[in-house]
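> Per this note's numbering: the sequence shown = residues 10 to 660.
The set of hints was computed from the structure by calculation and includes no laboratory data. Every residue gets a Cβ at the ideal spot worked out from N, C-alpha and C, and that includes glycine. A hint or two may mislead.
[What the hints assert, rightly or not] Taking lysine-lysine pairs in the DSBU-like style, the calculated list, with each CA pair at most 30 Å apart, reads:
| hint | residue 1 | residue 2 |
| --- | --- | --- |
| 1 | Lys-23 | Lys-261 |
| 2 | Lys-261 | Lys-282 |
| 3 | Lys-141 | Lys-608 |
[As the list claims (entries may be wrong)] FRET-style restraints, in silico, Cβ to Cβ:
| hint | residue 1 | residue 2 | range |
| --- | --- | --- | --- |
| 4 | Lys-138 | Glu-57 | 37 to 45 Å |
| 5 | Gly-635 | Glu-62 | 54 to 62 Å |
| 6 | Asp-182 | Leu-403 | 41 to 49 Å |
| 7 | Met-442 | Pro-188 | 41 to 49 Å |
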Amino acid sequence: MGNGITRAGVATAKATGDLSLDAIRGALAACDPDRAAEIALARLAGGEPLPIEVVLDLVPQLLDVPVASGLMGLAARTPESPPLTAMLGRFPVFADGVAVRVVVAWAAWRAQTPRDLMIREVRRLARLKLEKSDRALVVALVDALDDAHLRALAEPLGRPKAADLKAVVAEADKLLATPIAQLVAELPAQAEAAASIGFTVRTGPRVGRNDPCPCGSGQKYKKCHADEDAAVTASPVVGMSWESFLGDGAVKMTVADVEALSMFDLARVELAKLPDVALVRAFDRFLVELAWARAIAVADELVAREHARADLARDEIVLATIERGQLELAEAQLAHLIDPISVTLRRLELDLRAHVTVGAETIVGLAERAVRGELDDYELAQALLAGAPGLGILVARGCVRKENAADAEVICELIERARDQLMIAPDDPAWDMIPKADPKAPRAAATDKKARVVLEGTLRETGAKIAQLEHDLAEARADRDRDRAAASAPLDPEKLRVLKRRIDELEGLVREGVVERTELRRQLGMVAPVAVAPIAIAKPEDDDDGDELDDIARDIAIPTFSRRTLDALEDVPRAVAAETMRTIGALAAGDVAAWRRAKLARDMARQVLMARVGIHHRLLFRTEDGGLEIMDLVTREELTTTLKRLRSTRA
10 MGNGITRAGV
20 ATAKATGDLS
30 LDAIRGALAA
40 CDPDRAAEIA
50 LARLAGGEPL
60 PIEVVLDLVP
70 QLLDVPVASG
80 LMGLAARTPE
90 SPPLTAMLGR
100 FPVFADGVAV
110 RVVVAWAAWR
120 AQTPRDLMIR
130 EVRRLARLKL
140 EKSDRALVVA
150 LVDALDDAHL
160 RALAEPLGRP
170 KAADLKAVVA
180 EADKLLATPI
190 AQLVAELPAQ
200 AEAAASIGFT
210 VRTGPRVGRN
220 DPCPCGSGQK
230 YKKCHADEDA
240 AVTASPVVGM
250 SWESFLGDGA
260 VKMTVADVEA
270 LSMFDLARVE
280 LAKLPDVALV
290 RAFDRFLVEL
300 AWARAIAVAD
310 ELVAREHARA
320 DLARDEIVLA
330 TIERGQLELA
340 EAQLAHLIDP
350 ISVTLRRLEL
360 DLRAHVTVGA
370 ETIVGLAERA
380 VRGELDDYEL
390 AQALLAGAPG
400 LGILVARGCV
410 RKENAADAEV
420 ICELIERARD
430 QLMIAPDDPA
440 WDMIPKADPK
450 APRAAATDKK
460 ARVVLEGTLR
470 ETGAKIAQLE
480 HDLAEARADR
490 DRDRAAASAP
500 LDPEKLRVLK
510 RRIDELEGLV
520 REGVVERTEL
530 RRQLGMVAPV
540 AVAPIAIAKP
550 EDDDDGDELD
560 DIARDIAIPT
570 FSRRTLDALE
580 DVPRAVAAET
590 MRTIGALAAG
600 DVAAWRRAKL
610 ARDMARQVLM
620 ARVGIHHRLL
630 FRTEDGGLEI
640 MDLVTREELT
650 TTLKRLRSTR
660 A
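Could you build the full structure based on these sequences and the hints that come with them?
Okay, structure coming up:
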């Protein structure tokens with residue numbers, strides 16, 4: 010998110026003179042946490058205090074570990090600080106910020122957060138995919154907390170060498186104790202050039218329209234160079250500035266455009282002008298990043314359009330805010346929810362979370378309705394697990410049914426969270442109720458962690474893409490028919506070929522999308538497995554940010570695997586792991602077809618190559634000194650943030 014926290018950005022914030030808390034909150038509301046951090050650092054460097062409530066809101070949005078550590082260290086030294094674990098529920102769902110979350114946990118422990126709260130959080134951290142240094146810090150927390158159940162859960166993390174463990178702990182403590190002046194001095198001077206898929210983006214520190222112009226004229230930026238900068242900032246639409254693209258140009262934005270925008274730019278888009286499919290995708294991105302104000306604004310716009318998904322979007326906001334302890338916000342959104350069943354279940358979960366007394370007749374009545382099929386027993390179990398974990402576990406066990414292993418595994422994951430809350434041993438007996446899959450049989454449903462959440466999001470995304478492609482296809486066919494009808498002479502053969510190629514491409518993409526949607530529904534248990542006849546695809550959809558490779562003969566290479574890749578192979582479904590190994594084998598063997606499907610990532614200091622693994626995964630690798638270094642295996646959704654991380658670290 011953002012262009013990075015820099016000394017120039019801190020200096021610009023100081024020059025504006027507006028270091029108010031409202032300025033920080035405004036930057037966060039604009040999905041620009043880096044700018045918010047620069048204002049906060051300028052404020053602290055000037056001797057002004059930073060309330061703990063602002064730190065709680067800011068740190069989970071950051072990717073810069075030193076800055077997050079410095080702010081956490083400051084918060085930990087504030088006597089009236091609430092438990093820093095209050096911050097932990099504010100981390101975005103799939104953000105690339107696990108390292109910051111581990112730092113928050115370490116700072117919370119150093120701040121003498123109650124042991125029970127720490128054990129619950131470290132149990133959650135132990136289940137995440139962690140880097141080597143993060144694993145070491147989690148192991149140090151496990152040692153310090155000395156809980157038998159936690160030790161058993163964290164055993165797969167391994168045991169670092171004593172010297173490595175000591176070094177990681179010393180570095181973490183050093184970062185927490187870094188003075189603000191030193192923290193600012195060690196920031197990079199300027200932001201490095203950044204890239205976003207398909208777009209040219211601004212580099213260097215961002216300047217507000219009312220800020221002093223960096224040219225030194227003494228005038229405000231808006232009266233000096235703002236218009237010139239906007240005119241030369243490229244956009245995907247020929248002849249349209251970037252600012253215009255985010256404004257009036259929103260009417261032509263596609264789902265792909267919304268996906269390619271940074272969160273900072275997406276927050277500036279005029280939502281009322283977005284087409285329906287692009288608006289729905291914008292909602293999904295805001296919700297995943299926990300950008301509540303923006304997600305609510307999209308839900309309001311969907312209501313104004315009487316869109317079919319309006320009430321569902323509102324329900325997703327209520328669920329997400331309850332899950333992360335934003336109970337006042339959840340209460341406000343619940344008042345706008347329409348579906349009576351959703352209202353009843355969310356009210357139950359909200360009351361339980363807020364420790365409001367719920368009558369036995371209410372729970373008994375809901376149980377009877379679930380038995381009659383009037384509401385989903387899975388959703389009833391979810392509501393109870395959150396606020397009444399003991400009762401919720403008992404109800405959830407009844408939802409573990411053999412006919413749907415995917416749902417059963419998701420329910421068991423929720424049960425494990427409830428067991429964390431109760432501080433009882435992990436590995437609920439419900440896991441034994443899930444039928445064991447035949448390793449030789451095709452995988453009928455996704456069973457990895459977060460599978461249902463990820464698949465449901467991908468299903469919505471695929472549906473939106475199909476709708477957009479069908480719209481583009483209809484327009485292309487209409488263009489062809491208009492040209493034919495208006496032509497008084499034979500059409501230019503080259504123009505006909507271009508139109509035909511475009512229509513064939515769109516038809517192929519639509520067919521591929523339908524097949525993908527069918528597969529996703531099958532994995533979710535929404536439809537029975539079906540045999541899909543092979544179809545000709547004109548050109549596969551490819552959202553990877555990369556260039557084609559030269560078609561040359563390649564020698565056999567010996568592959569080596571990073572820790573990230575090995576961890577990913579353990580986490581992904583067996584079918585994905587098997588396909589990954591087949592892809593690596595083909596690349597290592599110099600297979601021409603495999604290398605033709607690979608791409609070269611752009612703007613990298615060192616070579617980074619990409620290969621598709623099935624529909625949803627991407628393999629990252631490089632070739633050096635005759636070897637094949639396998640760097641990572643990520644989902645399609647994680648690809649953009651992973652490439653951004655590699656660019657920023659110059660790895």
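> Just pull the numbers of the violated hints for me, sorted ascending.
1 and 7
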